[in-house]
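Visitor: So the protein lines, in turn, are chains W and S. Numbering of the first sequence is given in this note's numbering, commencing with residue 1 and proceeding in unit increments. Numbering of the second sequence is given in this note's numbering, commencing with residue 1 and proceeding in unit increments.
Hints in this document: simulated from the structure, not taken from any laboratory. A virtual CB, placed ideally from N, CA and C, is assigned to each residue, including glycine. Watch out, some of these pointers could steer you wrong.
Mimicking SDA-like on lysine to any residue, the simulated pairs with C-alpha atoms at most 25 Å apart in a straight line are [said to hold, decoys possible]:
(1) K1/S to S74/S
(2) K57/W to K1/S
(3) K102/S to D56/W
(4) K14/W to S80/W
(5) K57/W to F30/S
(6) K71/S to L14/S
(7) K1/S to N70/W
Partial selection, computed: residues in chain S whose CB lies under 7 Å from chain W [unchecked claim]:
(8) P8
(9) S46
(10) A79
(11) S80
(12) F105
(13) G106
(14) R110
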Amino acid sequence: NAGVTQTPKFQVLKTGQSMTLQCAQDMNHNSMYWYRQDPGMGLRLIYYSASEGTTDKGEVPNGYNVSRLNKREFSLRLESAAPSQTSVYFCASNSDRVVSQPQHFGDGTRLSIL
Amino acid sequence: KNQVEQSPQSLIILEGKNCTLQCNYTVSPFSNLRWYKQDTGRGPVSLTIMTFSENTKSNGRYTATLDADTKQSSLHITASQLSDSASYICVVSGSTTSGTYKYIFGTGTRLKVLA
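Take these sequences, add in the hints, and give me the full structure.
Guide: Rendered as structure tokens:
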């Protein structure tokens, strides 16, 4: 089982460039999430999608946009990258309405903005 | 404010020794508490989950405890192995008015096991 797959694994951008981080899951989960992980901080929620066709802002949505393309795929877009967006980005999925189900995480995208 | 605090920030132990990691939370309403293991360069992987009615849950050499009254949890690792070197993250979830769940992450404890 692939689980949650994120691409790319690494990326370096210049300030002002744009890019899209891709995420796909093969577990038929309804809910998908985008987090960022910074040194000394817990994972912070950027956006989430409770089901296909719906998205909601999380704790730190500014500077990001998302698209829930279908049930499998949830992408994160940086329209104009800033150095403050240098981080490790994790995508996760789960059956959110089942309390016992864990979030399954991808292995992250390491993004550096110069 | 919903918060999850973990201690210690980092820990170094010798292979074969036991250790205990702590998690205190103020998340309300509380639904469940989960411990994740995150290896360097990888995403977090779930170890255990406990609801408010559960006091302890084991997964091999990992045993988690929960005191819902004091809002404290601990993760005990028995007979540590080199492969236990990782960050351990405490995550508390609470229900929302829309029927979904919010997840509050601690900053993690970085464990290093030495041979």
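Visitor: Compare the structure with each hint and give your call.
Guide: Comparing the hints with the structure gives:
Between the alpha carbons of K1/S and S74/S the distance comes to roughly 21 Å, so the proposed pair stays at or under 25 Å and holds. Distance restraint check for K57/W and K1/S: the Cα-Cα separation of roughly 18 Å lies within the 25 Å cut-off, and the hinted pair is therefore satisfied. At roughly 12 Å between alpha-carbon atoms, K102/S and D56/W fall within 25 Å of each other, so this suggested pair holds. Of the pairs offered as hints, the one joining K14/W and S80/W holds, with about 9 Å between alpha carbons and a cut-off of 25 Å not exceeded.
Taken as a hint, the K57/W and F30/S pair is honoured in the structure, with Cα atoms around 21 Å apart against an allowance of 25 Å. Restraint check for K71/S and L14/S: the C-alpha separation of about 30 Å exceeds 25 Å, so the hint is violated. Our distance criterion of 25 Å between C-alpha atoms is broken by K1/S and N70/W, whose separation comes to about 34 Å. Taking 7 Å as the C-beta contact cut-off toward chain W, the hint placing P8/S at the interface is violated, the least distance being around 14 Å.
Look at S46/S: its Cβ gets to within about 4 Å of chain W, closer than 7 Å, so that hint holds up. For A79/S, the interface hint is violated, the least distance from its beta-carbon to any beta-carbon of chain W being 25 Å, above 7 Å. Look at S80/S: its Cβ only gets to about 23 Å from chain W, farther than 7 Å, so that hint breaks. The interface hint given for F105/S holds, since its Cβ lies 3 Å from the closest Cβ of chain W, which is under the 7 Å cut-off.
Look at G106/S: its Cβ gets to within about 5 Å of chain W, closer than 7 Å, so that hint holds up. Violation of the interface hint for R110/S is found here, the shortest Cβ-Cβ separation to chain W being roughly 11 Å, above the 7 Å cut-off.
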